[in-house]
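Mind assembling these two chains? They're in different frames, but the hints should get you there.
Given next are the chains, with one letter for each unit.
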Amino acid sequence: MDRNQSYRNHKRLMKALHFSGLFITMAIICIPGLWIVLNSFRPTVEIMAKPPVWIPTFTLDHYRAMFGGAGEGGVPVFSYFRNSMIVSVVSTAIAILIGMSGGYAFARYRFKGKTGYFVGLMLFRAVPGVALSLPLFIVFARVGIIDTHLGLILAYVAMNVPFTVWLTDGFFRQIPKELHEAAEIDGCTRWQAFWQVEFPVAKSGVASAAIFAFLTSWNEFALASQLTRSVGSKTMPVGLLDFTAEFTINWGGMCALAVLMIVPALILTFLVQKHLIAGLTFGGVKG
Amino acid sequence: MTRRRLPEWFLLLLPAIIVIAAVVLIPLIFSLYSSFTPYKLTRPSTLWKWVGTYNYEKILTDAKFWAAFGRTVLFLTIALNLEMLLGLGIALMVNKVTWGQRTLRTIVMFPMMFSPILVGFQFKFIFNDNIGLVNNALQSMGFNVALPWLVDGKLALFSIAFAEIWMSTSVFAILILAGLFAIPRDPLEAAKVDGCTPFQSFRHITLPFLMPFIYIAMTIRSLDVARAYDIVQIMTGGGPARRTELLWTLMSRTGYVDARMGLANAMGYVSIILSVVFTIYFFRKLTAARAQIGMEG
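Taken in order, these protein sequences are the chains called S and W. Take 1 as the starting number for the first sequence in UniProt numbering and just add one per residue. Take 1 as the starting number for the second sequence in UniProt numbering and just add one per residue.
Quick caveat, the hints were computed from the structure, so don't treat them as lab data. Just so you know, these numbers come straight off a predicted model, no measurement behind them. One should not assume that every hint holds.
Unchecked claim - In silico negatives: residues of chain S with every beta carbon more than 12 Å from chain W:
1. HIS18
2. GLY21
3. LEU123
4. CYS188
Said to hold, decoys possible - Below, a sample of chain W positions facing chain S; criterion: calculated Cβ distance under 7 Å:
5. VAL23
6. ILE90
7. PHE125
8. ASN136
9. GLY255
10. ILE272
All residues carry an ideal CB built from backbone N, CA and C; glycine is no exception.
Bound-form chain W, shown alone (with noise of 0.2 Å):
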């Protein structure tokens, strides 16, 4: 046999790279493909008409397009640093209980068991102007108002964020958990010995330590930022009137609705480049967090 052997490592990560090819690779090449095309669902025959990157064009041109990847940046930067404060809060909150902790811990991760598509149907029934909870509570308590959240441009945006984050914060909140559990005693006892405040053992010591579960959290949920796409698909499908249009509403919209998609799939490529970019700055931001506190891999 003159056949080398494959080096150990390679037929252990083969599998990953056979499936990840076969699933996200493929459809991703014909994907690009056909960016460069006008590809309809509707008329299979336009798959093989070459149109370069006019499809791209139309896109950089398309006002309604940059609205939408506008407030998605601006969405998912409020809604991620939201989550992330508000988690690292609830982590410290459970962290200082002493009884009951478990039980603590099981009803924060309460969130990450629904589906974003029951949190999405969920929320469009809380928020529902007429028979909703909220307004029925507002209504209770004796303010005479009937809010429109879900109609009202600016109302809508807020009630998908809120959506959002209540499904998303219990992530940070038990990564930073998790990061709580893992630090070293001694610093802290240290520095309280040498008179340090809370605030300043906190600044100092504990917060560094959280940096890499924090920036892992949102690694992750960059990540899944597409999932916010059931949320959104439910509670307003981008409307009203646009106004809550986000890149993966406007894209569905396009491909399926419209037919158009050539462009969808361009579209795709857009904001995959979003993701690209979250996803390294975040990633660096981690190995920084880490080579900070010596804990590199």
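Chain S extracted, bound-state conformation (with noise of 0.2 Å):
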């Protein structure tokens, strides 16, 4: 009976441990997030109240200036929106077709070198973007492709490719080499095989490889604000800096800026996250 009374005490002391440190972790992760969001349904005069305001205002001032365009002290917020969207939608799906024949070559054929061009191709993603930027603004200015969606696309291609061919290979190397040799036995093509047998068992962890790639493509900063200048290729990260004059910024602005660029990945991961996991234990341990 004490000793019964004792371990229940123990468990649901370990319970309430468990479910505390949830809540915590949880909230220190979402009250930045929310924090944005709520200041940017608050008039400036309260976002910059000393002593603070705890209770909120609501108030749409900040999208309406931002909608409102130039006028108004708004940005051009849909060049941004739609110059990101071309951005990231076109060079995540270049960035899987290559990743995907890239990684399918080392999943499924033997040659010489292999790992050697393995690590190769992942240490390219080392390189700093930084120090990318510098010689790459050089080289696309050479070529004429600054400021246009063509030289943003192809840069976030490369970063991409890498870490797609890696995930993928994995994807492939865990579906069993026969599903493909019954198919070709049974008269498909090697193509024919591919995309009606292993694709559709490898979708998943695609689908979690175009998710990375995708948001990589829509957060990157460094590169494009180097690579852009006008609002014709300018994407949202690089929008941001236009709330920001020299020693101030307006606040509310880029918070209403910010919940417009996290919106679209949020719905996006949401939508496949249950891909996500499952795509990150299958390419995971088998690399």
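The structure is reproduced here in structure tokens:
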């Protein structure tokens, strides 16, 4: 009886600790983001108030100003959004295609120097964006693709290819070879066997590679700030800088743009998060 | 036709090789060359003057560079290890939850959706000494302080590390969580039957299985280290008085503000060596960890 009681107490204590630990962690993860969302709906006076105003008032001023165009202190937010979308989606699609073909080669063929190629590919990702942006700017300027979608897309494809090769290689390795051999015996070409048998199995893995690539391009700043000049190609992370002047920052407007920036990423991640975990389990252990 | 057909694997790999060669390799060769010249953006003709290893010699004897180098290594070591431990903790806690786990998983991924530059602005705002959330909260709780989070050297480095850890812990948490899902059930049950304490079975079964995932996360993060640049640049710009100067802010300042591109590129090469060392180190650890549980590809 006594031991039972102490066991039960112990268990209850552990449960309480687990719950409060989880609660505190989630709070720390959420509060900085929620604070940004909250501030995007508050008047500037209140954001800057000293002492702080803890009970917020609701206003859409920042959004109105942002969408209102240049005259009202807004920014060309539609252009930024469109540029970001075009660049991220196109570069993700290309990176996935190229990465898939590379990953398939690593997973299915034997050839000399495979590990060398593999590690070499990864090392290109190790080049810091800052170190790359200086010479890339000069080369792109010579070719004349500064300030175009094409330039950014090229840069992001190169940035994402090593990673997608790495991930997709893992997924294809996971699929037993017998699967496509059987399909070929049944009269499929290698190409058909890939699309009809192997691709559907690896789909969740490819989805998780795609979301990583998309988030990387959607959020990238260092390269974008070098390679873009005008509203014709500036992406949203670069657009955030529009809210900064030399000594002041328009926090409210910036928060509003930040919210606009997070929403697509949030929706996308929520939609594919089931695949994300499954895909990572897949590609993770077997490299 | 006498031309030999290229092997299939090479054709499949070719697009990847072409893209990387065009976008990464050519600029790299260019910058390698320019690191041997006194190239200045303001005077393009300086590109054709060869000075040999002058830039590298200058860097090797530059105390400011080595201070930034040391700070970067320290920053990375602390941040990566803390992120790993916190990520492991979060993954274990979320894994124990029986209902609402999917929601929790999405919440854990929340910081991954933030652009690093946004994280920089966000924490610059939060740690603002006058109107920031942290000081306001402290003051409302009755502490009569206004801590200069981003102005004092030590506090600034702490604030930057906090932002970096906030942003990247979720990468570790998600990968380790994926690892927890992949652990086979049998060894754990056998251990329970044999009378292992929960700690023992964690130490000897769960952890070895998680190690590959931990090293993958480490590899990814060590490859992405340059992303911390955005955060540092926005939050402090390497200041105050260079006390949060990391390699990347030093490089961009040398290259763009001082316009000494050749010198900056030489710094870039020294810092690439750092990333390469990190990458190879973690990759080898990864292979070893996989071998331990018999899962090498």
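Q: Please flag the earlier hints that this structure goes against, numbers listed from lowest up.
A: Of the numbered hints, 1, 2 and 3 do not hold.
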